[in-house]
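Protein chains in written order, with numbering that gives the first Met the number 0: chain A, 0 to 382; chain B, 0 to 373.
Be careful, since some hints might not be right.
Okay, the calculated beta carbon distance ranges per label pair [as the list claims (entries may be wrong)]:
no., chain 1, residue 1, chain 2, residue 2, range
1, B, G8, A, D321, 54 to 64 Å
2, A, P166, B, Y18, 19 to 29 Å
3, B, H16, A, R40, 50 to 60 Å
4, A, D172, B, Y107, 21 to 31 Å
5, B, G8, A, H212, 28 to 38 Å
6, B, Y107, A, L146, 46 to 56 Å
To spell it out: a stretch of chain A is covered by chain B in this simulated footprint if at least three of its residues, at any positions, have a beta carbon under 8 Å from a beta carbon of chain B; those stretches are [unchecked claim]:
no., region
7, 29-38
8, 244-257
9, 301-315
Don't read these hints as lab results, they were simulated from the structure.
All C-beta atoms in this analysis are idealised placements derived from N, C-alpha and C, irrespective of residue type, glycine included.
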Amino acid sequence: MSDTLIKVTGLKKTFPVKASAFSSKSLTLRAVDGVDLELKRGETLGVVGESGCGKTTVGRCLLRLYEPDAGRVWIEPDASLVSQVSEIDESVAAMAEELATLSGQPTKTTADKARVRALKQRVLRDKARANQLASTSDLLSMSRARLKANRRRIQMVFQDPWASLNPHMVVKDIVGEGPLEYGTHSGRELDRWVHELLEKVGLPPQAANRYPHEFSGGQRQRIGIARALALTPSLIVCDEPVSALDVSIQAQILNLLISLQDDFDLTFIFIAHDLSVVQYISDRVAVMYLGKVVETAEAAALYANPRHPYTISLLAAVPVADPEHPNELRPPEGDVPSPVNPPSGCTFHPRCRHRIDVCDKVIPVLGKDRNGHVISCHNPPNG
Amino acid sequence: MDKLLDVKGLKTHFHMHGYTVRAVDGVDFSLSEGETLGIVGESGCGKSQTSMSVMRLIPDPPGKIEAGEILLRGRDLLKISEPEMRKVRGNNISMIFQEPMTSLNPVYSIGYQISEVLMLHRDMTKDDALKESVRLLKLVGMSDPEERVTEYPFQLSGGLRQRVMIAIAMACEPDIMIADEPTTALDVTIQAQILRLMADLKARTGTSIMFITHDLAVIASFADRVMVMYAGVVVEQAPVRDIFKKPLHPYTQGLLGSIPVLGEVKKRADGSRQLLNAIPGSLPDHRNFPKGCRFAPRCTKVMARCWEAEPALVPIEEGHQVRCFLHSDAVQETPAYAEVKRGQQRKWQRADRRAQGAGPASAATGADKTGGRS
Ligand SMILES: Nc1ncnc2c1ncn2[C@@H]1O[C@H](COP(=O)(O)OP(=O)(O)OP(=O)(O)O)[C@@H](O)[C@H]1O
Ligand SMILES: Nc1ncnc2c1ncn2[C@@H]1O[C@H](COP(=O)(O)OP(=O)(O)O)[C@@H](O)[C@H]1O
Ligand code: SF4
Ligand code: SF4
Ligand SMILES: [Mg+2]
Ligand SMILES: [Mg+2]
């Protein structure tokens, strides 16, 4: 068995949005615009970025709570299969691009038309073949039955501890819902399992018969974690599980997640906007900006030697609990631009202190730099 | 130093069916001209109700300011009439809240909302007020302020809305600005922008600030003095440097231990993960308050006497006060304490010595494991 648990390739997700409140014209919002990620078994991958960068959307696509437009989500993939399928996917993408340019031309010769027809057919055929090959381990192209079996292996803990639990259900039904649906536990045994889970997340047994509104934010987040654990998943996507909590409660939940990781042999994707929290809990960190990953590195290396200008400004925004800390905060200026109409070239260029002439013209591609970080930037500092 | 605001013995209680919530239960603090006071504590510990009491905005019923004095330049705000208080709110003290959307009016443009304050409190004409609004928006770092004045709250991001709130708060050139978790709902990046803006305004205008937060890191570079609250009382108060360099109260130490530090090593020597030094458990329920020290059920250093009597807030050093038996034997004179008999002190000391002989006292009743940070 390979030690890669999840591999995400070329993930894209768009949403249609109205041009304005009164318009019927529809625009495309690129929430996730070509994301690749890889998770090793037992590791924690942090995903960090400002609000609206597409972190939640990536997480929801992994669970197929959103239907992605393109890409693959491999679970325990076979490396040779991935490369075989990726090759076809790439050639399909190239053909699709050619098709787009051809159909964009105002006048077409008969030869062009024939080419278009042939291309269309090949795209369809190759896509089907790739999907067929991938369907053994790609969550996005597998059959319903296989998906259901795999789906329980990925769970999510949600950001808002107030909205994510059904207010009309008592805790034991919330936590026991999954096991009941999948038939893993029932009756007495289910009760025992729920009690064990509540104990694991630090809730008293009496909590089982209470409703969510009777709990504080931190306790609700514990309920959400117990629910995520109930089907003993391999991966838990934690979507800003501590952002809505006080620092003191945040520390309790971070400690809880760390100890559960060992007990339950878990792999985590940990999403947050605060790099100090992400760096604390993660082995590796992916920094996202406007739907794209702009830097990935080991957590320690990301702090010690950040390369992408966006990462550097995220680090500079973290308040330091030391009145004598010399650095004053140097956050990125302004807000994240709208993903409906992102800036040209490097999408970070309007806020970047290191930008050079090419930055607003050419889109930088992700590549490995000398010290092992993967970054996309034309002019990375700290080289 | 001249005291601008002096709050003494403030008690604000909420009378619910069958029980009383002692949200603010005897709080003393002061604020000097140009000073920034950080008020820190977990959700529910009484920070907001303390500032709402200063503004006299406690909903009555069920709330009531039961006792105390709130002296603004020597004048007791609890003794003046409501119309006079309204003037104080407009001219002397203004407030910024956590959720800027709920405190802005969605149906008016932001220019209108700032102008309204200016016309009311600074007697400006409509045209002057609009011009001043543009200047204020520029002051709080909004780009294109001339266009922004015509926009509505829903058209702005959370960070920009908070800038508008600050512009409104600054409009009447207040003596005191109360900021109640102004950055808690924002991303860290936007938080950093707002903190920078507030530090900048403070330097330029000399306004005194009460800054409320649950995250000590936020005020490290910003506050002059810090007051730590727990369950309705002040447990420690000190100049900002002392709070971070030599925190005395176990609660303050716990709040500091809860903050993940950037760049800190997370693996122990044996390869296992380092846990944060979290505080176990949560705030006590008002229906079931501890008789002695309010922090005793969560305190890792609890001693026998902590369960029996409440410690008093006592000065340990210049400007540094703490409420904990580890640092002083002084007892808060409460009705509960009146029941405790004389001679008890010696008994406690004996019990503590016994406990110390048997190893460190442990009272981690909460469910969380706490990791020691060496
Ligand atoms: N209108 C009210 N009715 C009843 N109890 C109240 C009311 N407002 C506040 N309280 C209680 O008073 C105590 C202190 O509340 P306060 O809002 O000051 O806390 P806080 O430190 O500001 O916390 P938060 O961060 O949650 O606002 C809490 O126990 C709270 O439940
Ligand atoms: N259901 C949806 N409909 C339309 N737009 C959406 C939807 N979900 C997310 N978006 C948009 O996608 C972008 C990325 O969103 P999200 O992944 O939630 O960001 P984050 O989690 O980083 O805050 C944002 O601009 C957001 O407004
Ligand atoms: S590509 Fe240019 S604009 Fe983008 S982050 Fe790098 S230097 Fe800045
Ligand atoms: S008085 Fe006792 S219980 Fe309270 S904080 Fe001090 S040591 Fe802990
Ligand atoms: Mg999100
Ligand atoms: Mg509050």
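Hints and how they fare:
no.: 1; hint: B/G8 to A/D321: 54 to 64 Å; in the structure: violated, 34 Å
no.: 2; hint: A/P166 to B/Y18: 19 to 29 Å; in the structure: holds, 24 Å
no.: 3; hint: B/H16 to A/R40: 50 to 60 Å; in the structure: holds, 54 Å
no.: 4; hint: A/D172 to B/Y107: 21 to 31 Å; in the structure: violated, 45 Å
no.: 5; hint: B/G8 to A/H212: 28 to 38 Å; in the structure: holds, 35 Å
no.: 6; hint: B/Y107 to A/L146: 46 to 56 Å; in the structure: holds, 50 Å
no.: 7; hint: 29-38; in the structure: violated (count 0)
no.: 8; hint: 244-257; in the structure: holds (count 11)
no.: 9; hint: 301-315; in the structure: holds (count 6)
Consistency with the previously given hints fails for numbers 1, 4, 7, ordered from lowest to highest.
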